[in-house]
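Trainee: As a plain string of letters, each chain reads:
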Amino acid sequence: PELLEKMHVKKHYSVIGIVSDRTGGGPQLFSMDEGIKSTNTEVIDVEWTNDTKGGGGQGCMIVIGGYDPSDVREAIKVTFENLHHYFGDVYGNAAGYVELQYTARAAGCLTEALGAEEGKAFGIINACPAAIGIVMADTALKTAGVNIISVATPSHNGSPSNEGTLTISGESGAVRQAVIAARERGLELLGQMGDKPANDYPSYIQ
Amino acid sequence: PELLEKMHVKKHYSVIGIVSDRTGGGPQLFSMDEGIKSTNTEVIDVEWTNDTKGGGGQGCMIVIGGYDPSDVREAIKVTFENLHHYFGDVYGNAAGYVELQYTARAAGCLTEALGAEEGKAFGIINACPAAIGIVMADTALKTAGVNIISVATPSHNGSPSNEGTLTISGESGAVRQAVIAARERGLELLGQMGDKPANDYPSYIQ
Amino acid sequence: PELLEKMHVKKHYSVIGIVSDRTGGGPQLFSMDEGIKSTNTEVIDVEWTNDTKGGGGQGCMIVIGGYDPSDVREAIKVTFENLHHYFGDVYGNAAGYVELQYTARAAGCLTEALGAEEGKAFGIINACPAAIGIVMADTALKTAGVNIISVATPSHNGSPSNEGTLTISGESGAVRQAVIAARERGLELLGQMGDKPANDYPSYIQ
Chain F
1 PELLEKMHVK KHYSVIGIVS DRTGGGPQLF SMDEGIKSTN TEVIDVEWTN
51 DTKGGGGQGC MIVIGGYDPS DVREAIKVTF ENLHHYFGDV YGNAAGYVEL
101 QYTARAAGCL TEALGAEEGK AFGIINACPA AIGIVMADTA LKTAGVNIIS
151 VATPSHNGSP SNEGTLTISG ESGAVRQAVI AARERGLELL GQMGDKPAND
201 YPSYIQ
Chain Y
1 PELLEKMHVK KHYSVIGIVS DRTGGGPQLF SMDEGIKSTN TEVIDVEWTN
51 DTKGGGGQGC MIVIGGYDPS DVREAIKVTF ENLHHYFGDV YGNAAGYVEL
101 QYTARAAGCL TEALGAEEGK AFGIINACPA AIGIVMADTA LKTAGVNIIS
151 VATPSHNGSP SNEGTLTISG ESGAVRQAVI AARERGLELL GQMGDKPAND
201 YPSYIQ
Chain C
1 PELLEKMHVK KHYSVIGIVS DRTGGGPQLF SMDEGIKSTN TEVIDVEWTN
51 DTKGGGGQGC MIVIGGYDPS DVREAIKVTF ENLHHYFGDV YGNAAGYVEL
101 QYTARAAGCL TEALGAEEGK AFGIINACPA AIGIVMADTA LKTAGVNIIS
151 VATPSHNGSP SNEGTLTISG ESGAVRQAVI AARERGLELL GQMGDKPAND
201 YPSYIQ
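Chains as they are written, first to last, in our numbering: chain F, 1 to 206; chain Y, 1 to 206; chain C, 1 to 206.
There's no promise every hint is true.
Pairs involving identical chains hold if they fit within one copy or between any two copies, as the list cannot separate such chains.
List of simulated lysine-lysine pairs, DSSO-like, C-alpha gap at most 30 Å [as the list claims (entries may be wrong)]: (1) K142 with K120; (2) K120 with K196; (3) K196 with K37; (4) K37 with K77.
Everything labelled a hint here was simulated from the structure, so no lab data went into it.
Let the hints inform the model, and build the full structure from the sequences given.
Mentor: Have a look at this one:
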């Protein structure tokens, strides 16, 4: 309990769970969002690290709380089961990477960590090096009428990673359309800087 | 336009250009300075990233603005044409690297990004690990009468990179002499920690 | 002297020494603590870098001051002689690392850099990815009655590294016992994420 106080955890839970990784934040947060949706748990804290094992992006650490060990364990189990799914639209080559995320209905992890609106569609458009992310953001905003939640660039960001990131909310069809248009533009740009960008798991945003 | 507002861009331009990289800032900024000199464009924003593909330094992102697409395109073309030149005094080995930059006459990119004085000589003395940069800075300041513009160390810096950096201005002969003396000291120190430091392109500071 | 002023060095010394590295902070600071104990020198400044050559941790830079060149040289010599010793409880594998440090009696480097109490036992419990460090911290605090000096997580830290870190002081037996229990838990967790974590030098905390 003394440890939790020092960790800037505000509420009191009887059980705490932590998910922490070296590479990536989007897939982990979208996966945890499924975990939170299906259990009686809450996200307490999300922290970002300038890591990615030498890449230009970030790792993250998610702390969740609950009142029953089986709930917390279940939330983490659901998170891991969803990770491959949400890595489906992360494409990389030697020059950098392009990441897209989309959900028709955001829950407590995405609202807490990224300012998503509860129950509304939410999307992430992200790339390294940063300029690709910004051009993709521009494409997305020109494609469909969506709301900007945040724009992050290297110096206006939680951690000085080499990323340009746009998060959006709105009507689910519009958010999906914006994300898909940004993906097309991003893969084209990143592909011009190296090999054809490849994903490790099948794309889920159709 | 909504995107630009969120990106902390203050002035209004009709055309925007972005140069973004994984590794290095000095060569990109000095190259863009040539692009700005030769076109009707301005540097709007420079942001730093803690990247270098796993190295101890930084990458950067430069946003420029203009009123004519051909100007912005030309500025970026000139930037790319100058990159090899300004990578000429970047020397590395497995232990780290030493970077020197010098111009007899700074223009709008170096003034905006690094506080150089318009039209005056400007130099950068930089190395990783940080201690080498500091010893080089000491050598430079003992060699010639120049003005300190900034001293950056890991915790007093835009991004927590492992660099010691001195930027100087003044009479062009003095700035060049200071930079050359620092280079000699830096190559000697870095060489003691590994192989002879090597540059990928011919040195341009003579 | 103008350089030192810009470097945020407050006191005036006639001789300055700098130790700077790409990877690690604990071993360097504990080694420098021995250097400070055995000479008439003081630690002026410790800065952290988000480096580790692509790892999830930090490098550091230590600036010391003295009044006699031979003192400063001796302090740095003692530091280098102790480095292998204090790397003895740094264990790594492809997934991350676990670091433990312990001294029965902290001196001027650890007090200045990490808030240790002069002359009292002091320990560090640290791991990457961050969640391992937090579980280890929890184990340590449940094992023995020690005082928390600091808890660092990725976003509540000098630099956005992927580390969870606990520093503790107290009765020397209790601090050692807490550190040893945390080590056991950390090696177990990190081992589950990859190969058996290995140290490069013999463990010194028994």
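Trainee: For each hint, tell me whether it holds in the structure or not.
Mentor: Verification of the hints:
For a Cα distance limit of 30 Å, the shortest separation of K142 from K120 inside one copy, 21 Å, qualifies, whereas the shortest one across copies, 42 Å, does not. Taking the shortest alpha-carbon separations for K120 and K196, neither the intra-copy value of 33 Å nor the inter-copy value of 44 Å comes in at or below 30 Å. For the identical chains of this complex, K196 and K37 are neighbours neither inside a copy (36 Å) nor across copies (36 Å), given an alpha-carbon limit of 30 Å. Only within a single protomer do K37 and K77 lie at most 30 Å apart by alpha-carbon distance; the minimum there is 13 Å, versus 50 Å between protomers.
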